[in-house]
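Going down the list, the protein sequences come from chains V and H.
In terms of this note's numbering, the first sequence is numbered consecutively and its last residue is 314.
In terms of this note's numbering, the second sequence is numbered consecutively and its last residue is 628.
The set of hints was computed from the structure by calculation and includes no laboratory data.
Hints are supplied without guarantee of correctness; some may be wrong.
[What the hints assert, rightly or not] Here are some, though not all, of the chain H residues that point toward chain V, as calculated from beta-carbon distances under 7 Å:
| hint | residue |
| --- | --- |
| 1 | Glu325 |
| 2 | Gly328 |
| 3 | Tyr332 |
| 4 | Ala521 |
| 5 | Gly522 |
| 6 | Tyr547 |
| 7 | Ile599 |
| 8 | Ala606 |
| 9 | Ala617 |
| 10 | His620 |
| 11 | Thr627 |
Glycine included, each C-beta is placed from N, C-alpha and C at the ideal position.
2 protein chains.
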Amino acid sequence: MSRSNLDLVNECDGFPYYQVDPDLFAASISTYYELRVQNRDYALGYLLPSVAEVFRGIPHWHIDDDERILTLTEGTDAASRSAAVQTTFLALRTTGHFKVLDKWRDELYPVYGRQKELLFNVERSASPLLGVVTYGVHLTAYVVKDGEMKIWIPRRARTKQTYGGMLDNAVAGGIASGESAFECLVRECGEEASLPEDLVRSRVKTAGCVTYFYIRDERAGGETRLLQPECQYVYDLELTEDVIPKPGDEEVEEFCLWTVDEVKAAMAKGEFKPNCAIVMLDFFIRHGVLTAESEKDYIEIVARVHRRFEFPTL
Amino acid sequence: MSRSNLDLVNECDGFPYYQVDPDLFAASISTYYELRVQNRDYALGYLLPSVAEVFRGIPHWHIDDDERILTLTEGTDAASRSAAVQTTFLALRTTGHFKVLDKWRDELYPVYGRQKELLFNVERSASPLLGVVTYGVHLTAYVVKDGEMKIWIPRRARTKQTYGGMLDNAVAGGIASGESAFECLVRECGEEASLPEDLVRSRVKTAGCVTYFYIRDERAGGETRLLQPECQYVYDLELTEDVIPKPGDEEVEEFCLWTVDEVKAAMAKGEFKPNCAIVMLDFFIRHGVLTAESEKDYIEIVARVHRRFEFPTL
Numbered sequence: 001m002s003r004s005n006l007d008l009v010n011e012c013d014g015f016p017y018y019q020v021d022p023d024l025f026a027a028s029i030s031t032y033y034e035l036r037v038q039n040r041d042y043a044l045g046y047l048l049p050s051v052a053e054v055f056r057g058i059p060h061w062h063i064d065d066d067e068r069i070l071t072l073t074e075g076t077d078a079a080s081r082s083a084a085v086q087t088t089f090l091a092l093r094t095t096g097h098f099k100v101l102d103k104w105r106d107e108l109y110p111v112y113g114r115q116k117e118l119l120f121n122v123e124r125s126a127s128p129l130l131g132v133v134t135y136g137v138h139l140t141a142y143v144v145k146d147g148e149m150k151i152w153i154p155r156r157a158r159t160k161q162t163y164g165g166m167l168d169n170a171v172a173g174g175i176a177s178g179e180s181a182f183e184c185l186v187r188e189c190g191e192e193a194s195l196p197e198d199l200v201r202s203r204v205k206t207a208g209c210v211t212y213f214y215i216r217d218e219r220a221g222g223e224t225r226l227l228q229p230e231c232q233y234v235y236d237l238e239l240t241e242d243v244i245p246k247p248g249d250e251e252v253e254e255f256c257l258w259t260v261d262e263v264k265a266a267m268a269k270g271e272f273k274p275n276c277a278i279v280m281l282d283f284f285i286r287h288g289v290l291t292a293e294s295e296k297d298y299i300e301i302v303a304r305v306h307r308r309f310e311f312p313t314l
Numbered sequence: 315m316s317r318s319n320l321d322l323v324n325e326c327d328g329f330p331y332y333q334v335d336p337d338l339f340a341a342s343i344s345t346y347y348e349l350r351v352q353n354r355d356y357a358l359g360y361l362l363p364s365v366a367e368v369f370r371g372i373p374h375w376h377i378d379d380d381e382r383i384l385t386l387t388e389g390t391d392a393a394s395r396s397a398a399v400q401t402t403f404l405a406l407r408t409t410g411h412f413k414v415l416d417k418w419r420d421e422l423y424p425v426y427g428r429q430k431e432l433l434f435n436v437e438r439s440a441s442p443l444l445g446v447v448t449y450g451v452h453l454t455a456y457v458v459k460d461g462e463m464k465i466w467i468p469r470r471a472r473t474k475q476t477y478g479g480m481l482d483n484a485v486a487g488g489i490a491s492g493e494s495a496f497e498c499l500v501r502e503c504g505e506e507a508s509l510p511e512d513l514v515r516s517r518v519k520t521a522g523c524v525t526y527f528y529i530r531d532e533r534a535g536g537e538t539r540l541l542q543p544e545c546q547y548v549y550d551l552e553l554t555e556d557v558i559p560k561p562g563d564e565e566v567e568e569f570c571l572w573t574v575d576e577v578k579a580a581m582a583k584g585e586f587k588p589n590c591a592i593v594m595l596d597f598f599i600r601h602g603v604l605t606a607e608s609e610k611d612y613i614e615i616v617a618r619v620h621r622r623f624e625f626p627t628l
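Extracted from the complex, chain V is given alone in its bound form (with noise of 0.2 Å):
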């Protein structure tokens, strides 16, 4: 069945809104836990009970059945609050008590305070399970032929675990913490792409951020239902005809160039990874390809694209 472009809004930013259905909002809410840390008190992300439940008497974490909130109470500073959330995860891997640790990756992302401080930083796999806002880039290529746009896509390798065989936005991952957004697009577009540094250095251009609250469903791995607020950095490049991706790994399969309305097919038919849908649809909104005439949805698709989180952000 055809999925409108405000239906690829829904299937990534699926978290209710307050403002549009409070009781719905409500309901969610109240089944999850919030996760703070101490000496905040605030919610740095939102966690399910079945989540929660294991870091019951966890030494470092403290459970709030009756306000429904679980802090980390180690530490007093990024250093040792981090150094706490490491020993916890660690362990629970080794427990094998969820299924996303089992993609360990020794990577590590931030979480910051309403002060943009760096409060701890998670191991990567782990962060589904916070909640936590996580930041990435992703690179929208293309080239103009004689007044044609046509866009460079990628077809994840269908080895892949995590959505396989979908279609992907030209570059994308996430950034690790003490990365600069910037320095992450560069060096992913090397691994990912093939793209020499000199020419995306000079010819890139940043565009803005999108920002969704997305819920895990089965494709992206493990435990379903972990929530996922997340900010992609959104950049463009335009390229000659004879600069042509290449995969720089495994995981991608193949890179085509689609004209728009090859584009705008394939995500009618739900053929894009989620959150790439939403990136193409930021990317024709800001290149005049939806307009406020031919897209219904126009004005909720733009503020849904970027969320406001209840959770600080960089």
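Assemble the complex: chain V is given as a structure, and chain H must be docked to it using the hints.
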């Protein structure tokens, strides 16, 4: 005192967010009345109690003080509802109840329901009394020479009653009921900047929309604290050096061609009309002038200028 870009956003998007501060939101909300129409159980806007009070006893309206809801009870279709609304505001204009009605425009703004159906039209000057979403177009015109961008910035006539002497976007205007965003833009480009229609139609780029929830102050004229949720469709127009925008009416004093740094400096000094500063921020984000590395409040700014409203939009 110098304003940060987030200060500029706060000035324009001043209504609280539930998800960030539920208590502040609840305190604000509890002071307003919801606007509804018969047989639609959702809000179309918020009214000040002092405004809602005036509707007490006026035919076609029902005020529920317990639930704090003002309902338009007359009419079963857009035509009959619009007639009732018009009758009401013509009378209130005559009685001199509201200062904002002194600037009667004889121009109708549309109010939509959740199915994007037109519920009624309302005289433009009356729309902030009802607190309904209004729609407009804003154009940023710029020139790129030797790799440096310069932006055409008009200064509003100092004699103008609203935001007199402040800086504006190259072209801006409200979309009347029945008019498309793009046709409105083309018309305003001619009226406000004397830009040739064929140039606009062939060169202008549709680039999204900004949405924000403005609380009117004395600079807007008339009653203060009125609520004004707005959607501005944004457009970019790159001009060659030989095209000079010229004021088409008395509303603009002059157009200046400024460097990005000059524009930023004027923004920091608070010289821009609040919603025009927001449009400039969105332009700067889309064009890579503001980046994740250079703007400390990047993510919040991007989300805030694309607010999702609790009211239906087109």
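Open item on the list: Which constraints among the numbered hints does this structure fail? Numbers only, ascending.
Closed with: When the structure is compared with the hints, numbers 1 and 2 turn out to be violated.
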